[in-house]
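Asker: Chains C and R supply the protein sequences, listed in that same order.
For the first sequence, the working numbering assigns the number 1 to the initial residue and increments by one for each residue that follows.
For the second sequence, the working numbering assigns the number 1 to the initial residue and increments by one for each residue that follows.
Honestly, the hints are just simulated from the structure, not real lab data.
Incorrect hints may have been included.
To be verified - In silico BS3-like cross-links for lysine-lysine, where the CA-CA straight-line distance does not exceed 27 angstroms:
(1) R:Lys-100 <-> R:Lys-52
(2) R:Lys-100 <-> C:Lys-66
(3) R:Lys-49 <-> C:Lys-41
Said to hold, decoys possible - One-sided excerpt, in silico: chain R residues whose CB lies under 10 angstroms from chain C:
(4) Leu-19
(5) Gln-38
(6) Leu-44
(7) Gln-45
(8) Val-82
(9) Phe-89
(10) Phe-103
(11) Gly-106
For each residue, glycine too, the CB sits at the ideal point set by N, CA and C.
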Amino acid sequence: GAVVSQHPSWVICKSGTSVKIECRSLDFQATTMFWYRQFPKQSLMLMATSNEGSKATYEQGVEKDKFLINHASLTLSTLTVTSAHPEDSSFYICSAGLAGINGYTFGSGTRLTVV
Amino acid sequence: GNSVTQMEGPVTLSEEAFLTINCTYTATGYPSLFWYVQYPGEGLQLLLKATKADDKGSNKGFEATYRKETTSFHLEKGSVQVSDSAVYFCALRGGGATNKLIFGTGTLLAVQP
Chain C
1 GAVVSQHPSW
11 VICKSGTSVK
21 IECRSLDFQA
31 TTMFWYRQFP
41 KQSLMLMATS
51 NEGSKATYEQ
61 GVEKDKFLIN
71 HASLTLSTLT
81 VTSAHPEDSS
91 FYICSAGLAG
101 INGYTFGSGT
111 RLTVV
Chain R
1 GNSVTQMEGP
11 VTLSEEAFLT
21 INCTYTATGY
31 PSLFWYVQYP
41 GEGLQLLLKA
51 TKADDKGSNK
61 GFEATYRKET
71 TSFHLEKGSV
81 QVSDSAVYFC
91 ALRGGGATNK
101 LIFGTGTLLA
111 VQP
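Work the whole structure out from these sequences, hints included.
Answerer: Now the structure itself:
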């Protein structure tokens with residue numbers, strides 16, 4: 001079945017540095033990828049939708065200059081948290097799928113801790 | 001806009017007990033409905049789905065029926081196991097061109113031996 005690989009699974013970084021998270025579809029081509037953020041014991045908050053070859057669509061309240069999303073190929077999307085601060089610490093999850101298909105496959109998530 | 005309302009947890013059950021996690025939705029058009037499960041420290045896994053009214057999704061002993069008249073998609077399992085302990089998310093994908101998944105707040109299920 002469809003597999004989405006997310007890397008790294010966890011990362012600790014210093015305040016002010018940038019962190020890149022990768023999301024890969026391993027056995028299918030993903031025209032659409034989604035990035036979510038999950039706070040402890042809370043639901044998933046959709047941050048942005050990225051479509052291959054075009055700019056990402058950010059949800060209201062999400063800073064596009066802080067959370068840079070690149071979806072340059074049908075198998076890879078990246079989320080870069082720029083100038084990270086402790087309040088950016090969270091669990092980030094990507095999902096991928098083909099446009100028009102009902103379900104999406106989720107990555108295993110990345111635990112980001114900014115110290 | 002579209003939204004999902006899910007019963008709050010945690011839900012604590014003994015092994016072999018019957019499980020119900022309520023989920024209701026608000027949506028325009030004809031959404032598809034999903035249940036996802038998240039085990040500790042992991043991403044989400046699709047548990048089951050239903051794409052039209054009266055459809056029943058089922059997997060691993062879990063079931064949910066798409067009830068348009070009550071705008072509900074309650075998750076049930078006849079006999080839970082300790083290994084079912086996880087967070088369960090109800091979600092919908094809007095009809096038409098919308099392809100975003102909207103999630104409920106999640107329900108933590110803890111099954112005790």
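Asker: Give a verdict on every hint.
Answerer: The hints, checked one at a time:
1. R:Lys-100 <-> R:Lys-52: Answer holds: R:Lys-100 to R:Lys-52 is near 17 angstroms, not above 27 angstroms.
2. R:Lys-100 <-> C:Lys-66: With Cα atoms ~22 angstroms apart, R:Lys-100 and C:Lys-66 stay inside 27 angstroms; holds.
3. R:Lys-49 <-> C:Lys-41: holds, 23 angstroms
4. Leu-19: Violated. Min distance 20 angstroms.
5. Gln-38: holds, 9 angstroms
6. Leu-44: holds, 4 angstroms
7. Gln-45: holds, 7 angstroms
8. Val-82: violated, 21 angstroms
9. Phe-89: Holds. Min distance 7 angstroms.
10. Phe-103: holds, 5 angstroms
11. Gly-106: holds, 5 angstroms
Of the numbered hints given earlier, the model fails hints 4 and 8; all others are met.
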